[in-house]
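Asks: The lines below spell out each chain.
Number of protein chains: 2
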Amino acid sequence: MTAPLQIVALLFPNVTQLDLTGPAQVFARFPDAQVHFVWKDQNPVPTDSGFSIVPTSTFQEAPQADVLFVPGGAGAFELFEDDAALSFIAEQAAGARLITSVCTGSFTLAAAGLLGGKRATSHWASLHMLEDFGAEPVRERVVRDGRIITGAGVTSGIDFALTLAVELYDESVAREIQLYIEYDPAPPFDAGSPSRPEADQQAVKERIASVTEHRSPMVARAVQRLR
Amino acid sequence: MTAPLQIVALLFPNVTQLDLTGPAQVFARFPDAQVHFVWKDQNPVPTDSGFSIVPTSTFQEAPQADVLFVPGGAGAFELFEDDAALSFIAEQAAGARLITSVCTGSFTLAAAGLLGGKRATSHWASLHMLEDFGAEPVRERVVRDGRIITGAGVTSGIDFALTLAVELYDESVAREIQLYIEYDPAPPFDAGSPSRPEADQQAVKERIASVTEHRSPMVARAVQRLR
Numbered sequence: 001m002t003a004p005l006q007i008v009a010l011l012f013p014n015v016t017q018l019d020l021t022g023p024a025q026v027f028a029r030f031p032d033a034q035v036h037f038v039w040k041d042q043n044p045v046p047t048d049s050g051f052s053i054v055p056t057s058t059f060q061e062a063p064q065a066d067v068l069f070v071p072g073g074a075g076a077f078e079l080f081e082d083d084a085a086l087s088f089i090a091e092q093a094a095g096a097r098l099i100t101s102v103c104t105g106s107f108t109l110a111a112a113g114l115l116g117g118k119r120a121t122s123h124w125a126s127l128h129m130l131e132d133f134g135a136e137p138v139r140e141r142v143v144r145d146g147r148i149i150t151g152a153g154v155t156s157g158i159d160f161a162l163t164l165a166v167e168l169y170d171e172s173v174a175r176e177i178q179l180y181i182e183y184d185p186a187p188p189f190d191a192g193s194p195s196r197p198e199a200d201q202q203a204v205k206e207r208i209a210s211v212t213e214h215r216s217p218m219v220a221r222a223v224q225r226l227r
Numbered sequence: 001m002t003a004p005l006q007i008v009a010l011l012f013p014n015v016t017q018l019d020l021t022g023p024a025q026v027f028a029r030f031p032d033a034q035v036h037f038v039w040k041d042q043n044p045v046p047t048d049s050g051f052s053i054v055p056t057s058t059f060q061e062a063p064q065a066d067v068l069f070v071p072g073g074a075g076a077f078e079l080f081e082d083d084a085a086l087s088f089i090a091e092q093a094a095g096a097r098l099i100t101s102v103c104t105g106s107f108t109l110a111a112a113g114l115l116g117g118k119r120a121t122s123h124w125a126s127l128h129m130l131e132d133f134g135a136e137p138v139r140e141r142v143v144r145d146g147r148i149i150t151g152a153g154v155t156s157g158i159d160f161a162l163t164l165a166v167e168l169y170d171e172s173v174a175r176e177i178q179l180y181i182e183y184d185p186a187p188p189f190d191a192g193s194p195s196r197p198e199a200d201q202q203a204v205k206e207r208i209a210s211v212t213e214h215r216s217p218m219v220a221r222a223v224q225r226l227r
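In the order they appear, the protein sequences are chains A and B.
Per UniProt numbering, the very first residue in the first sequence carries number 1; after that it's consecutive.
Per UniProt numbering, the very first residue in the second sequence carries number 1; after that it's consecutive.
So here's chain A without its partners, still in its complex pose:
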């Protein structure tokens, strides 16, 4: 008998909930795994989508993670000023087999000092700013560098989690989960990434400009603190 795999997923206010819930659906089918949804306390945590999720554990009570997982969203940037959250991430990461994120969760890993010199991805609108942390931004859906695995924006969490299934188990486990969640996507448009032909280029430009304007001062302060 080996101990169950411990997955520690960070939950925080204003998380882009699908960054978390997409992977969580896949994790729920991992053989012999325990998943913990962790925040400072166990009060319901408001997400970006109008509902709250209840943490299952606190920073103090969470076990050491085999897999540390950080989702993204506007709230991921608010964690830059949150010493308790950043310390929790750094301490868990030190003992984890895999350190992972989806979407702008990679920025929280970066703010915790974990991405210097590493190849990593993020949501397309924020990706370029990873460079400010000394990381190498990579425009791919799932990026691995050693024990760090990062996923791109929001829905890429499903691809990320199935990739994780292959890494932790094997291809047959991943294929069976993919079948169970009927992940045979049929997007109505070819518009899911800035490079796609049906993507609205004006919307792309505006979003990158808006994200850069709002988030680059937060990134600059976080980079400063890491020095």
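Some clues are possibly wrong.
What the hints assert, rightly or not - SDA-like mimics (lysine to any residue), calculated; alpha carbons at most 20 Å apart, straight line:
| id | chain 1 | residue 1 | chain 2 | residue 2 |
| --- | --- | --- | --- | --- |
| 1 | A | 205 | B | 176 |
| 2 | A | 40 | B | 54 |
| 3 | B | 40 | B | 82 |
| 4 | B | 40 | A | 44 |
| 5 | A | 40 | B | 50 |
| 6 | A | 205 | B | 29 |
By construction, these hints were calculated from the structure, which means they are not laboratory data.
Go by the hints and put chain B onto chain A.
Replies: Below, chain B alone, put in the same frame as chain A:
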């Protein structure tokens, strides 16, 4: 000024949470829409993935839906014996512009008497049993019949919700949301549906057999009650 669009999403114990949270991420970007996550009371509702979601409204307090939405999961079948839930669905459906579901949420619509003679879809492992309710099972990712729109299993909720964006708004709104959630899927295998080459056919057979064995008596009782 028109009133905001009211989306009423049913929340229930043992929901397959991605059936709900995938669409919810898309709904959160609908212009001028209010989304309600509704159950009998506002205590946290346990999902199938190890965490609970807090309802935002109750059956009594929910507004009349413009769009009624029912996700699936093991808990969707438990609602067959739940008069309060079935009455709520039937009453909301009577006044709704669109009646919708993802995954086996279509069975809950059927148990509420809403799918007789209608074309509809569901999770692949349960789909055949829709026929017992007098519906016409259709193996497509998103199926529309009049004011009823049903999605297939779990992850099809994202395709469903983007389809809904086109119906309620226009293609540019749907494309912009698709870009925002970076829905440019890259499944690691071609295994997401029973007909796909990398799908494990033994797993398909076993799952259909297991689902049929456990759920067909529940379906039979629900059909009986509708007579």
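Asks: A separate judgement is required for each hint: does it hold in the structure or not?
Replies: How the hints compare with the structure:
For the hint linking residue 205/A to residue 176/B, the alpha-carbon distance of about 12 Å falls within 20 Å, and the restraint holds. Only pairs whose Cα atoms come within 20 Å are accepted, and residue 40/A paired with residue 54/B is accepted, the gap being roughly 18 Å. A distance of roughly 11 Å separates the Cα atoms of residue 40/B and residue 82/B; the hinted pair therefore holds under the 20 Å criterion. The suggested pairing of residue 40/B with residue 44/A holds, with an alpha-carbon distance near 18 Å, which does not exceed 20 Å.
Straight-line distance between C-alpha atoms of residue 40/A and residue 50/B comes to about 18 Å, which keeps the hinted pair within the 20 Å bound. Between residue 205/A and residue 29/B the CA atoms are separated by roughly 18 Å; this keeps the pair inside 20 Å, and the hint holds.
The structure meets every hint from the earlier list without exception.
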